[in-house]
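In case you want the letters, here they are:
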Amino acid sequence: MRHALSLFAVLYGLWLVLSGHYTPFLLAIGVVCTAFAVAVAMRMDVVDHEGHPIHLGFRIVLYWGWLTIQILVSALTVTRIVLSPRPRIDPVLETVPSSQTSDLGKVIFANSITLTPGTLTTSVTTDGIEVHALTRRGMDQLKEGDMDRRVTAVEGGS
Amino acid sequence: MMFLAAVAALVVTVLLALVRAYLGPTVYDRVLSVNAIGTMTVLLIAAVGFLMERPDFLDIALVYALINFIGTIAVLRYIKRRRARDAEEAS
Amino acid sequence: MIVDILSWIAIGIGAAFILVGGLGLIRMPDFFTRLHATSVADTAGAGFILLGLMLQAGLSLTSFKLVLIFVFLVFTAPTAAHALAHAALLDGIRPWTRKPKDPAP
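Residue numbers (the working numbering), protein chains in the order written: chain Z, 1 to 158; chain C, 1 to 91; chain U, 1 to 105.
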């Protein structure tokens, strides 16, 4: 129920921002449409801690800040590789261990890896994540496990 | 002025992606190029909206971002299905 | 005035990252490395260009729509990239490696 209410609030906020007209008629139509969308989502059984993860709270915002810096650093690294006259690339495809317990945590970790330029998730299994890295160094940095620990901290004891 | 620079960079990148889509060699290279062109188009619509001082273009960019993603996934599913069917027929 | 200059710098950096993505798409040797190159344009390039436009728009509905576009791009880009890489691997495309005698698993 908590998830449904939160989803309703988010969707109605989206309606308000995207419409830009605030007449009583349009506001009422917004309530009807949002309620319908939430009802359909509940019928599809996607309104739970996975489809609408509100339990992550503020920790995910802090994590996004850290991830932004990581993305910038590795974007610069990949830029240097692309622009160098003889690209020094050494692609590797290996499995990186992951310590998350929930599916949601694994998905956050896998998507973070893909979002960072230079590393790319190719498949997610129960004991690890198969990653294609542009350079051996990028793979080694990933295997140090800094990102893995941070995602596990975000995931918390759900 | 700066919007023009952004638009120019986007158009050049779209052209480079078109070259890659033409060269291939695999179907996945082509899908990747088309996906990249879609992302560039989203940014292009947003930048052109600012250039022509029509911020309502942003709504179109928003919808295009969604359609581009769904389009890529749909094409990949189609290729996967066709490959599976071809393998079945060959055996 | 300062905001104007900042937004120009952001748009300039974004345009540079976008161009790098396009160049990488042409220069890199195989499909997976090209995927890495475009992810530069998808994340850093798009982020900086939208940041620059946001600074131009100021605090308004327009800015919020730009944030929404960025959120959509950031949530969908890794999913599309993962789907592409997974499909390519399943189809038997092997990543290019430096040493041909040591093939990837």
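Since the hints were derived computationally from the structure, they do not count as laboratory data. There's no promise every hint is true.
What the hints assert, rightly or not - Which residues of chain C face chain U? A partial, calculated answer using Cβ under 8 angstroms:
(1) Leu10
(2) Ala36
(3) Val42
(4) Ala61
(5) Ile67
(6) Phe69
(7) Ala74
(8) Lys80
(9) Ala87
(10) Ala90
Quantities reported herein were computed from a predicted structural model and do not represent experimental measurements. Every residue, glycine too, gets a C-beta built ideally from N, C-alpha and C.
Evaluation of the provided hints:
1. Because the closest C-beta pair between C/Leu10 and chain U is about 6 angstroms apart, less than 8 angstroms, the hint holds.
2. Evaluation of the C/Ala36 hint against chain U yields a held restraint, the C-beta minimum of about 5 angstroms falling below 8 angstroms.
3. Nearest Cβ of chain U to the Cβ of C/Val42: about 7 angstroms, under the 8 angstroms cut. The hint holds.
4. The beta carbon of C/Ala61 comes within 6 angstroms of a beta carbon in chain U, closer than 8 angstroms, and the hint placing it at the interface holds.
5. Given hint, C/Ile67 at the interface with chain U, is violated; its Cβ is 11 angstroms from that chain's nearest Cβ, farther than 8 angstroms.
6. Hint status for C/Phe69: holds, given a least beta-carbon distance of 4 angstroms to chain U, under 8 angstroms.
7. Restraint check, C/Ala74 versus chain U: the minimum CB separation of about 10 angstroms is more than 8 angstroms; hint violated.
8. The criterion of a C-beta within 8 angstroms of any C-beta in chain U is met by C/Lys80, whose closest approach is roughly 6 angstroms, and the hint holds.
9. Hint status for C/Ala87: violated, given a least beta-carbon distance of 10 angstroms to chain U, over 8 angstroms.
10. Using the Cβ-Cβ criterion of 8 angstroms, the hint placing C/Ala90 at the interface with chain U is not satisfied: the shortest such distance is roughly 14 angstroms.
Consistency with the previously given hints fails for numbers 5, 7, 9 and 10, ordered from lowest to highest.
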